[in-house]
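Here's the letter readout for the chains.
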Amino acid sequence: MARILEHHAKQIFAQAGIPIPEGYPAISSDQAATIAEGMDGPVVIKALVPVGKRGEVGAVQFAEDSRGAAMAARDLIGRYIGAYMVDTVLVEERIDIESELYLSIIIDRDERKPRVVISADGGVSIERVAQENPDAIVSDTVSMTRGLPEYRARELWTQAGISGPIIPALGQLTHRLWRLFVEHDLRVIEINPLFHTPDQKIVAGDAVMSVDDSAGFRHPELARFVVPGTDRSWRPMTELEADAQRVHELDPYRGSARYLELEGGNIGFLCGGGGASLLLYDHLIEAGGEPANYAEIGGNPTEQKVAGMTRVVLSKPGVEGLFVAHNITNNTQTDVIARGVVTGIEHAGRDPRTTPVVAREAGLHDEEGRRIFEEAGIRYLGEDTTLSEAARQMVAAMTSGGER
Amino acid sequence: MTRLIDDSLRLLVQGITGREARMVTSHMIEYGTSVVSGVTPGKGGEDVDGVPVFDTVKQAIVETAPSASLISVPPAATLDAVGEAISSGIRLIVIATEGIPQHDVLRMLELSDESGTVIIGPNSVGVIRPGDSVKIGAIGGEHPARAFVPGRIGVISRSGGMTAEVGLTLRLAGLGVSTAISVGGDALIGSTPATLLAEFQEDPETDAVVLFGEPGTRFEEDVANHIAESKFTKPLVALIAGGFTEHLPEGTAFGHAAAIIEGDSGRPSNKRKVLETAGARVARTLDDVAGLLKNAG
Numbered sequence: 001m002a003r004i005l006e007h008h009a010k011q012i013f014a015q016a017g018i019p020i021p022e023g024y025p026a027i028s029s030d031q032a033a034t035i036a037e038g039m040d041g042p043v044v045i046k047a048l049v050p051v052g053k054r055g056e057v058g059a060v061q062f063a064e065d066s067r068g069a070a071m072a073a074r075d076l077i078g079r080y081i082g083a084y085m086v087d088t089v090l091v092e093e094r095i096d097i098e099s100e101l102y103l104s105i106i107i108d109r110d111e112r113k114p115r116v117v118i119s120a121d122g123g124v125s126i127e128r129v130a131q132e133n134p135d136a137i138v139s140d141t142v143s144m145t146r147g148l149p150e151y152r153a154r155e156l157w158t159q160a161g162i163s164g165p166i167i168p169a170l171g172q173l174t175h176r177l178w179r180l181f182v183e184h185d186l187r188v189i190e191i192n193p194l195f196h197t198p199d200q201k202i203v204a205g206d207a208v209m210s211v212d213d214s215a216g217f218r219h220p221e222l223a224r225f226v227v228p229g230t231d232r233s234w235r236p237m238t239e240l241e242a243d244a245q246r247v248h249e250l251d252p253y254r255g256s257a258r259y260l261e262l263e264g265g266n267i268g269f270l271c272g273g274g275g276a277s278l279l280l281y282d283h284l285i286e287a288g289g290e291p292a293n294y295a296e297i298g299g300n301p302t303e304q305k306v307a308g309m310t311r312v313v314l315s316k317p318g319v320e321g322l323f324v325a326h327n328i329t330n331n332t333q334t335d336v337i338a339r340g341v342v343t344g345i346e347h348a349g350r351d352p353r354t355t356p357v358v359a360r361e362a363g364l365h366d367e368e369g370r371r372i373f374e375e376a377g378i379r380y381l382g383e384d385t386t387l388s389e390a391a392r393q394m395v396a397a398m399t400s401g402g403e404r
Numbered sequence: 001m002t003r004l005i006d007d008s009l010r011l012l013v014q015g016i017t018g019r020e021a022r023m024v025t026s027h028m029i030e031y032g033t034s035v036v037s038g039v040t041p042g043k044g045g046e047d048v049d050g051v052p053v054f055d056t057v058k059q060a061i062v063e064t065a066p067s068a069s070l071i072s073v074p075p076a077a078t079l080d081a082v083g084e085a086i087s088s089g090i091r092l093i094v095i096a097t098e099g100i101p102q103h104d105v106l107r108m109l110e111l112s113d114e115s116g117t118v119i120i121g122p123n124s125v126g127v128i129r130p131g132d133s134v135k136i137g138a139i140g141g142e143h144p145a146r147a148f149v150p151g152r153i154g155v156i157s158r159s160g161g162m163t164a165e166v167g168l169t170l171r172l173a174g175l176g177v178s179t180a181i182s183v184g185g186d187a188l189i190g191s192t193p194a195t196l197l198a199e200f201q202e203d204p205e206t207d208a209v210v211l212f213g214e215p216g217t218r219f220e221e222d223v224a225n226h227i228a229e230s231k232f233t234k235p236l237v238a239l240i241a242g243g244f245t246e247h248l249p250e251g252t253a254f255g256h257a258a259a260i261i262e263g264d265s266g267r268p269s270n271k272r273k274v275l276e277t278a279g280a281r282v283a284r285t286l287d288d289v290a291g292l293l294k295n296a297g
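Residue numbers (the working numbering), protein chains in the order written: chain A, 1 to 404; chain B, 1 to 297.
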């Protein structure tokens, strides 16, 4: 689930007929000043980072003139918001407001339907409104086939306590937002705050769009907007993570591969599949081990992919051993895993005879897999060794060094 | 719900001419599954391992009367394949495809709800019933008996691989499997673990169920509710993986798309707690599962 930065999302809004404030991105304080001068009035300066609740961490600032805009831009550019360094700010006209509203469409995974969420109490986090003023929120599921027509949207807004000449505009805007949600295969689309102006207009104060990575193939129009790696929301992708992603994308349709770099640790973790890797990581911790990363590889990957992931896992400084383990496989060929691991260890410049490596690989072609591991001097464990026992043996191998 | 699969199964494979589907088809036939037909638009008239291939599901139904479909087509084509199967009257569908756009899955689930179709998956490795020697999907691979031997334990797993590992654990402990179901690793799936409990509640050949759970979703919480409300009364042993993810920043997916903790929901510690409170036995490792099952019996 990758995010689209606010100024790009707003471009998409504008094309869909959703009103937005006038605004332009700036990469320096001088540029911010020039933009503010052109606005001829108070402005808002916002850090363009893929982080939520920016208002609460000082990433949204207000200025009365171009000097103030320059100061705000100078303050924000180069600063970290969460783990993201700000390199661009959005300088926008400040809108006169009568009230602030809230509108979003999300996928409700429990109801297994899209859900539209509306609130007359916008500008603050919706989680807070849900706690402090739950009656202000109106929400309902939407059928993919029937959609969200304007009349339904008007009904919801009136339920939220809104009335008067703004109702038709809200109905229209909500329907347009629904169409964007469907057209771009979005997981989340949110406007908070949604400004209600004194002259009875509706303007999107913010724009959050999260795209569905698995629908990327049919949305080339979004590719240049998507910030990669923002499915991992607390920090940008590390070099090793980007390296692992490149390894995977060489042959994206053969097997799964993901790598998450973690702080500290000395055991390189290369396990699978999706469920067993979670269990194996738990077991490694319980046994007193210190994994340096989480990596999952499965779904019958190619030898090249296994080798690449092995190299990445072993490349992290401080990694002294390697834990390779899977559940008994359905279709993943353990001999291919074995060849990939041995090649990857070589590419990382390590000697499997002196590096502690434990492999628990049972299932398809495991006799051949065992032969390859053992010829390379790697400790092989088969189906008779349980996953938790394999984890204990890995931790024991670390303390005894590579010797056996 | 009647039994999900047994030896009366007549299987259609949509996307049968694909590389993966060909291999899976030959393994299914070898195991004993009656694969009656395949569909790949444009390849009607061909055959795969002796199984006739048709251009449309309608033709396959007229000629071969399948009772269920395994869908193994690319992500972009899955919604269309599901729509074709449902509109042709197929009421049990296993979707192997991974990485389907979420909006397409929402549409499929609307179609299945309206028609009363049971969907297993997406991203399911399949369903196996060792006592009848039938399976749908890659589950168990080429040699299912290595992991799945006939027995009286039902298995429901959010992980395809762990479905097999649980089967192996049971076999090594001298137990066996009645039916094992890989529900799929996504958050949006046709049949959740809780809805599948009915299958095992009614199956006289199932004495107890093993559930393999993961972080994210409310699937395990729903199972706990089913037990608490006495909708499921047989012993249930749960193993919930991924406790470590609670100590990492939230919002990251591990392993499966659905294994993601957001806010307070989806925490393995909470899943274990509510399951235990409801009366399920919670295993700390796979090694404990057989012991907990035997104590239960």
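None of these hints come from the bench; they were simulated from the model. Where hints are given, some of them may not hold.
[Claimed, not checked] Heads up, simulated BS3-like pairs for lysine-lysine below, C-alpha to C-alpha not over 30 angstroms straight-line:
#1 B:Lys-234 <-> B:Lys-273
#2 A:Lys-113 <-> B:Lys-231
#3 B:Lys-273 <-> A:Lys-113
#4 B:Lys-294 <-> B:Lys-234
#5 A:Lys-113 <-> A:Lys-53
#6 A:Lys-53 <-> A:Lys-201
Hint by hint, here is what the structure shows:
For the given pair, Lys-234 of chain B sits about 19 angstroms from Lys-273 of chain B by alpha-carbon distance, which is consistent with the 30 angstroms threshold. In summary, the hint linking Lys-113 of chain A to Lys-231 of chain B is supported, as the alpha carbons are separated by about 25 angstroms, within the 30 angstroms threshold. In summary, the hint linking Lys-273 of chain B to Lys-113 of chain A is supported, as the alpha carbons are separated by about 28 angstroms, within the 30 angstroms threshold. For the suggested pair Lys-294 of chain B and Lys-234 of chain B, the alpha carbons sit about 13 angstroms apart, so the restraint of at most 30 angstroms is met.
A distance of roughly 25 angstroms separates the Cα atoms of Lys-113 of chain A and Lys-53 of chain A; the hinted pair therefore holds under the 30 angstroms criterion. Proximity of Lys-53 of chain A to Lys-201 of chain A is assessed by CA-CA distance (about 25 angstroms); at most 30 angstroms being required, the pair is judged to hold.
Checked against the numbered hints given earlier, the structure satisfies every one of them.
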